[in-house]
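So the sequences go chain by chain: A and B.
Take the first sequence: its position 444, counting from 1, is numbered 444 in our numbering, and each next residue is one higher.
If you want our numbering, it's the position in the second sequence, counting the first as 1, plus 1000.
If you're looking for bench data, these hints aren't it; they were derived computationally from the structure.
All the given hints hold, so there is nothing to weed out.
Derived pair list, reagent style DSS-like, types lysine-lysine, alpha-carbon separation capped at 25 angstroms:
| # | chain 1 | residue 1 | chain 2 | residue 2 |
| --- | --- | --- | --- | --- |
| 1 | B | 1502 | B | 1526 |
| 2 | B | 1131 | A | 379 |
| 3 | B | 1306 | A | 384 |
| 4 | B | 1396 | B | 1358 |
| 5 | A | 462 | A | 497 |
| 6 | A | 458 | A | 497 |
| 7 | B | 1201 | B | 1140 |
| 8 | B | 1519 | B | 1462 |
| 9 | B | 1490 | B | 1502 |
| 10 | B | 1113 | A | 391 |
| 11 | B | 1131 | A | 384 |
| 12 | A | 391 | B | 1131 |
| 13 | B | 1400 | B | 1509 |
| 14 | B | 1254 | A | 379 |
| 15 | A | 51 | A | 17 |
| 16 | B | 1106 | A | 391 |
| 17 | B | 1295 | B | 1201 |
| 18 | B | 1498 | B | 1526 |
| 19 | B | 1400 | B | 1462 |
| 20 | A | 290 | A | 266 |
| 21 | B | 1106 | B | 1158 |
| 22 | A | 379 | A | 391 |
| 23 | B | 1113 | A | 384 |
| 24 | A | 298 | A | 479 |
| 25 | B | 1462 | B | 1514 |
| 26 | B | 1495 | B | 1526 |
| 27 | B | 1140 | B | 1358 |
| 28 | B | 1140 | B | 1351 |
| 29 | B | 1306 | A | 379 |
| 30 | B | 1113 | A | 379 |
Remember, predicted model here, so these are calculated numbers, not experimental data.
The lines below spell out each chain.
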Amino acid sequence: MPRLQTIAEVLQSFCQKTSSPIQVLEASYETFHNSSYLNAFTFVSPLNHLKYQASQINESTQQPLHGIPVAIKDNFCVQGLPTTCGSKMLQNFIPPYTARVVEKLIGAGAIVFGKTNMDEFGMGCGTLESIFGPTKNVWGLEEYRIGGGELSSFSDWRIPGGSSGGSAVAVASGICFAALGSDTGGSTRNPASYCGLIGLKPTYGLLSRHGLIPLVNSMDVPGILTRTVDDCATILNVVKGFDENDSTSFEGNLPPVQISPHFSLKGVRIGIPDEFSCPGMDPEVIQCWKDTSDILEKSGACVSPMSLPHTKYSIACYGVLNPCEVASNMARYDGLRYGHRTPHPKLNSTQGLYAQTRHEGFNHVVRGRILAGNYFLLKENYDKYFMQALKIRRLISMDFEKVWHSGFDLLFTPVTLSAAPTYSDFIQLDNRTQTSVQDYCTQSANMAGIPALSLPIKLNSKGLPLSLQLIGPMFSEPKLLNVAKCIERIVDFPQLKSIPR
Amino acid sequence: MRTPSILNKLKFGHYLIPKDFNLVGGIRSFIPRPEGWESVIGIEVHAQIDTNSKLFSSSEVKYGAPVNTKVSLFDAAIPGTLPVLNRKCVEAGILTSLALSCQINKVSYFDRKHYFYADLPTGYQITQQRKAIAYDGHCKFIVYTPGFHKKPYYSTAKIRQIQLEQDSGKSIHDLNSNRSLIDLNRAGLPLMEIVFEPDLKDGEEAAALVKELSDILLSLGTCNCKMEEGSLRVDANISVNRHGEGLGTRTEVKNLNSVRALVNAIEFEVRRQIQVIEAGGVIVNETRSYDSQMKETLPMRDKEVKQDYRFMPEPNLPPLRLVDIPDEEADSALVNIAQVRQRLPELPEMKRQRLVQKFNLNIGMAILIMNTPGFLTYFESVMELLPLPSGVRVAKVLHKVAIPALSEQDIDLDSCPIPHHVFAELYKLVESDTLNLVKAHEVFILLLNGDSRNPAQIVTDKVWMKVNDDEAISTICLQILSENSAVRAKYKTTKHEKHVNKLMGAVRKATAGKYDMRKVDICLRKFLQE
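Kindly generate the complete structure, drawing on both the sequences and the hints.
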């Protein structure tokens, strides 16, 4: 069986009439049905709806995503489709509007195949804290299969990472060609890393957040998950751009990212930050990092070690800033206008209604962060925690500024400390501890608002993807993606050819 | 205790201007307190910015619209929606700040103030806590309540800061079916919160400050100041202390929605606090509401627990940056303070001073003109047709003739149907001694009722010309004296003025008010002396 197609290849097959959008949709649908045990989706549009959408696309115009099925993380509002954030609180919420980035995808001819599973409100990194249950990674799944076909069950599985694990699995499994995730501390890059995908966290402000249900407004960005760098660039060019509905969106006009076949790594200055080789990192990851750095150097890049001294505080800092914004952002979920409202009959006050509704609607992770955030924001604690955290954030951001000023073009680091862990191993640690481990290499880019990209390099000894990360200055997406493309070409990551049935 | 209210002045001021109302030179005189006590008042005003759309959303602003029809997705806190700052509101905030002599922050910030309430959809209000758009201003105002203050006096209240913030929705509690109904039309309306320092001494000063502030905001067009619609709401901080001692513990009375409520609430609260302390009690720092029926303040039950608002920077709004570039050509994406400054109109105090200087009016008349709806515009239009020195008399004729006549028909001067030039002609008849004020009033009423003749024609047709002829005056005086010989006799013995007035009245009646009453007065007295 040939490897999964790229967007460009599909569009070409449409041009050559060897395939049609309807056929592609049918194939996607069949894959989805045969792999429903992956639990990647919270909602999938009925096939006839999808076909109808495909039939509405104007054949004559050359749209960049003509008939391409895409998956949308379930924290992006899509008019008329359930948008749950994986939470009971929004289980019945159907938004009356569509997120700007999703509008842009649809406007470019893409078909919204469905909404993807996630940790509740993005608070997690395994895609298991969801009312829809955990999502399974496609990689390494055969090992745990009991029975077969429709009756398949699994004794364990590899987690897909998170919180955008549903989006990652939707792409890695071949159901969709691309997916939107979101990235606040690594939620796009982490699952990309475990699922062998390209995961781009763009510059803060380059993509509109209008319609993205917030986790941490000052760090959230829509993320892009694809199987190849070219596909990532194609999606990025469609969804980027100023949006007057988002006051934090970048008003300038960044020209479309061109992936050039002539781009050379010669002279590109790449930094290897010392702080990213942290305790607990899998030796295979370190070896992969080292080997790939050598490859970059051999290809003409100037690779040198450097330091980001404040990176090690980023998790602690995030541990304050995240709950504060969470406490604030979650305040609107009171069950009055939309979302879950407790059916409890014996509540006599508005406050009582709120308390019961919120207790029922949020899981323990969300409730814990709300409690912590409200504690940090108390008048007597504000300076001790929130202000201090803001100062640390500024230091982390300035570390990067200094690095760019000293002449580095990009940084090259691990994404995750290991390949995808098994579900049973993962749940040995609680959510808070896991977050601090899982986000170690990814979080600082969100603090600084700079772009970062996870790209798969090779398979480890167990046949699971190992990925590395490129980090660049604000709006350096063109260089980031071109360098990624060079690496992609050199390492020739063995993509999944088909998914297990 | 009677509480003199500025409302008297607002509603009936034009009837109550006393004769000695000449100069603003009155000394600060306060509502009397029990011996040894004084009161200190500060106010916070929430002024709704008069705009077409809300502070952070594009919903239309329309008072009285059917419930929940002016609600955007953002106003209802639908997840994923983001605030977009309304530039018009920023400009209104700057214009108001400039008019109130404030310093403007070139960079200010928005913050979230958290509290749970059913009519606050997001669970937080977006306001300006860390750094507001403006600070350090002041408002100079005239305090004058006829019947209470002998003379008007100037006072000044300093302004701590002006901040932009969102309004909340409205809750209606349906007690019969034990439920609350929420209207979000008001949610997200733009407000300017103007925080004054506690520079006031009593309710009258607070009322006068609010009146002056309203006049300023109206002249700027930044707020319609309709207190009855909630467009202007006042919170008052009140404390009492014994002379020579530091400030007492203050209480805050919230949401005063009329000037009368403001005065009454402050005066009630001052009396209550003094009584509590004199009875050995202590004042607790609390929030109280005002019951306008019972005319008393009451603790607000839901505010008993001390709130911690858990302020946090609003992450979805970048800092509000302003520029101040005098160059008119400057085209900045940021709001330019210099361009807003050019839109500053003539402010009420400047207007009063202009009236005093240009037309030689006394300040009392200037205040009267300013406080009577439509007076200023009508007066100025009429004065364009007349020489400047007529100003004092034109104002008097408008005051004595036009306004009482219009009041009878419940019309303001600004909707007076009589054209300015027709009134100017009527005035000229008075000026030239052809018509006295009694008949001028009657002509005015005819004109008001649609008489299309010009004033001179009416006077001619009705034979209402003032009678100045000495002989005619002597004749009528002698006639009245002989008809009222008893009154004449009483005057001779008692010399009481009331007897002269009675005779004057008789002349006025007999002559249908046409005679020159000044001359009649002189003539009558001459005969009485004989």
